[in-house]
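Student: Given next are the chains, with one letter for each unit.
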Amino acid sequence: MATETQESAKLTQLAHENPDEIEVAAGREREQLEGWIPALATEAEIREALEKAFDYRGDITITKKDGLQVVGYLFDRRRGDSLADSFVRVIPSNEKTRVNIAYSEIAALAFSGRDTAAGKTFEAWVKKYWDKKAAGERNIQIEPEKLD
Amino acid sequence: MAVPVSQAWTVATYVLKQKLMGRKKYPLVLMLEPLFRCNLACAGCGKIQYPAHILKAELSPEECFRAVEECGTPMVAIPGGEPLLHPQMPEIVAGLVARKKYVYMCTNALLLKEKLHLFKPSKYLSFSVHVDGQREHHDFSVCREGGYDIAMEGVRVAVEAGFRVTTNTTLFDGADPNSVRAHFDELMVAGVESMMVSPGYTYDKAPDQKHFLGRARSKKLFRSILSNRKKTWRFNASPIFMEFLMGKKDLTCTPWGMPTFSIFGWQKPCYLLQDGYADSFKELMETVQWSNYGTESGNPQCANCMVHSGYEASGVNYTFSSLKGLLQTAKGIFFSKYEDEGAMKLLNEWKPTSHGPLVQIGSPVAKSATELQEVSGD
Numbered sequence: 001m002a003t004e005t006q007e008s009a010k011l012t013q014l015a016h017e018n019p020d021e022i023e024v025a026a027g028r029e030r031e032q033l034e035g036w037i038p039a040l041a042t043e044a045e046i047r048e049a050l051e052k053a054f055d056y057r058g059d060i061t062i063t064k065k066d067g068l069q070v071v072g073y074l075f076d077r078r079r080g081d082s083l084a085d086s087f088v089r090v091i092p093s094n095e096k097t098r099v100n101i102a103y104s105e106i107a108a109l110a111f112s113g114r115d116t117a118a119g120k121t122f123e124a125w126v127k128k129y130w131d132k133k134a135a136g137e138r139n140i141q142i143e144p145e146k147l148d
Numbered sequence: 001m002a003v004p005v006s007q008a009w010t011v012a013t014y015v016l017k018q019k020l021m022g023r024k025k026y027p028l029v030l031m032l033e034p035l036f037r038c039n040l041a042c043a044g045c046g047k048i049q050y051p052a053h054i055l056k057a058e059l060s061p062e063e064c065f066r067a068v069e070e071c072g073t074p075m076v077a078i079p080g081g082e083p084l085l086h087p088q089m090p091e092i093v094a095g096l097v098a099r100k101k102y103v104y105m106c107t108n109a110l111l112l113k114e115k116l117h118l119f120k121p122s123k124y125l126s127f128s129v130h131v132d133g134q135r136e137h138h139d140f141s142v143c144r145e146g147g148y149d150i151a152m153e154g155v156r157v158a159v160e161a162g163f164r165v166t167t168n169t170t171l172f173d174g175a176d177p178n179s180v181r182a183h184f185d186e187l188m189v190a191g192v193e194s195m196m197v198s199p200g201y202t203y204d205k206a207p208d209q210k211h212f213l214g215r216a217r218s219k220k221l222f223r224s225i226l227s228n229r230k231k232t233w234r235f236n237a238s239p240i241f242m243e244f245l246m247g248k249k250d251l252t253c254t255p256w257g258m259p260t261f262s263i264f265g266w267q268k269p270c271y272l273l274q275d276g277y278a279d280s281f282k283e284l285m286e287t288v289q290w291s292n293y294g295t296e297s298g299n300p301q302c303a304n305c306m307v308h309s310g311y312e313a314s315g316v317n318y319t320f321s322s323l324k325g326l327l328q329t330a331k332g333i334f335f336s337k338y339e340d341e342g343a344m345k346l347l348n349e350w351k352p353t354s355h356g357p358l359v360q361i362g363s364p365v366a367k368s369a370t371e372l373q374e375v376s377g378d
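Protein sequences, first through last, are from chains A and B. For what it's worth, UniProt numbering labels the leading residue of the first sequence as 1, then goes sequentially. For what it's worth, UniProt numbering labels the leading residue of the second sequence as 1, then goes sequentially.
Just so you know, the hints here were simulated from the structure itself, not pulled from any lab data. Worth double-checking, as some hints may not be accurate.
Below 20 Å or equal to it, Euclidean Cα-Cα: the simulated EDC-like pairs (lysine to aspartate or glutamate) are [stated by the list, open to error]: (1) B:230 with B:339; (2) B:47 with A:145; (3) B:249 with A:21; (4) B:19 with B:70.
Modelling step: build the complete structure from the supplied sequences, incorporating the hints.
Tutor: If you want it as structure tokens, here you go:
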């Protein structure tokens with residue numbers, strides 16, 4: 001679920017138009033999060049950062065207060081009333097298990113993995129298509145990334 | 001009929017049973033996503049953007065069967081990712097067919113010809129081939145030149161082998177209704193059982209955030225496409241849902257109508273929005289604040305949605321909620337060509353917009369609508 005910052009284009013559009021009268025729907029603003037290490041100084045910052053981590057399409061690294069590090073994909077978060085009863089759910093990159101970590105156990109967070117959604121816009125594809133077409137290429141395509 | 005009578009009967013009795021049991025929220029189709037990896041990298045798809053270890057993960061057949069039994073729907077759609085990349089997909093499909101579930105395996109068909117021998121024709125199994133328009137439109141949409149020809153070859157081979165084959169077309173801003181109608185002609189000539197069509201939607205995870213149809217434009221586009229229907233066209237969709245797309249019917253979203261199960265669990269709240277995951281179907285139904293979703297909720301994430309995963313079940317529910325609904329549906333199925341002079345004018349005067357890239361490639365090179373009419377005899 002996107003944060004309000006990410007949703008701002010839609011919120012602005014809807015403030016002025018009825019959904020049934022919208023011709024072209026606004027998308028969301030994408031943030032450059034790869035490499036970001038949030039401060040986590042306040043409870044609000046912790047919650048906001050973990051919300052963005054939930055939205056992030058790359059792996060993250062969580063350093064726990066006991067010193068252990070978990071690297072993996074944060075696929076869910078459960079928000080409780082306090083940091084102790086809120087937790088994230090992570091699939092570690094090197095295991096097939098799921099790990100639950102309470103917000104209160106988290107000492108540091110890093111958006112360490114590559115943002116797998118970055119740069120994959122229609123505009124990028126259109127540009128690539130026309131560049132390749134101009135170069136005389138045939139059977140132009142975007143290849144899925146290699147997984148090994 | 002666009003679906004076998006046995007399927008229509010199964011769905012109708014399922015819905016009526018839910019109503020007799022007094023259930024207000026019940027699912028209609030399980031969207032089973034056994035894997036996220038794909039052999040295409042469409043710029044419009046947000047389903048495939050995960051780290052490699054997630055893309056390598058997949059549901060086991062047992063996990064799939066457990067989800068299907070938990071959910072209890074008569075129909076199971078298997079999107080993805082590309083299901084044919086799952087090494088145990090034939091086993092999963094066979095297991096679902098043995099459970100008498102009507103399975104729609106959603107595929108880009110790039111591997112269909114090669115893998116077809118692993119499946120057995122059945123009234124319970126349909127290959128739902130994703131084709132986003134005529135050749136150049138589809139190729140551009142899936143970011144692969146030649147993709148259309150391979151997909152249509154898969155369609156042809158599967159039809160010839162006696163399989164049920166349906167199609168699924170998603171339309172984004174820039175779609176040309178005249179080309180879409182010609183596309184429908186091509187699909188019918190190819191022998192597909194029926195077609196599904198739905199607008200694209202600004203879901204958060206879509207890589208492209210600039211080419212989504214707003215509701216006003218969606219209605220205009222679908223009114224021009226679906227009015228003045230040719231008698232040869234067969235659609236695999238509730239007539240009420242299609243009237244909703246055409247702007248002739250108001251429906252509210254049924255976000256629980258097509259629940260999604262994947263390697264992460266039960267997706268909250270629906271197929272396109274990701275607001276976390278539940279570990280069981282029961283937990284999904286009980287913990288999601290359903291009133292927070294749907295266009296009528298005011299949730300900006302739902303503002304422009306008219307997608308089948310939210311509204312197809314609404315159409316079915318409308319059908320079975322009153323005698324009027326039943327009669328309107330019957331009229332839609334058997335009698336209505338949806339003649340509409342205004343829509344014809346819209347169609348004739350439609351100017352391609354500059355928003356979408358699809359029209360930039362040039363005129364569709366596939367057969368023209370006139371040529372196809374001659375072939376289809378319409």
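Student: Hint by hint, say whether it matches the structure.
Tutor: Hint check:
1. A hinted pair counts as satisfied when its Cα atoms are at most 20 Å apart, and residue 230 of chain B with residue 339 of chain B qualifies at roughly 10 Å.
2. For the proposed pair residue 47 of chain B and residue 145 of chain A, the alpha carbon gap of about 14 Å is at most 20 Å, so the pair holds.
3. A threshold of 20 Å between alpha carbons decides the hint, and for residue 249 of chain B with residue 21 of chain A the separation of about 15 Å falls inside it, so the pair holds.
4. A hinted pair counts as satisfied when its Cα atoms are at most 20 Å apart, and residue 19 of chain B with residue 70 of chain B qualifies at roughly 19 Å.
Checked against the numbered hints listed earlier, the structure breaks none of them; every hint is satisfied.
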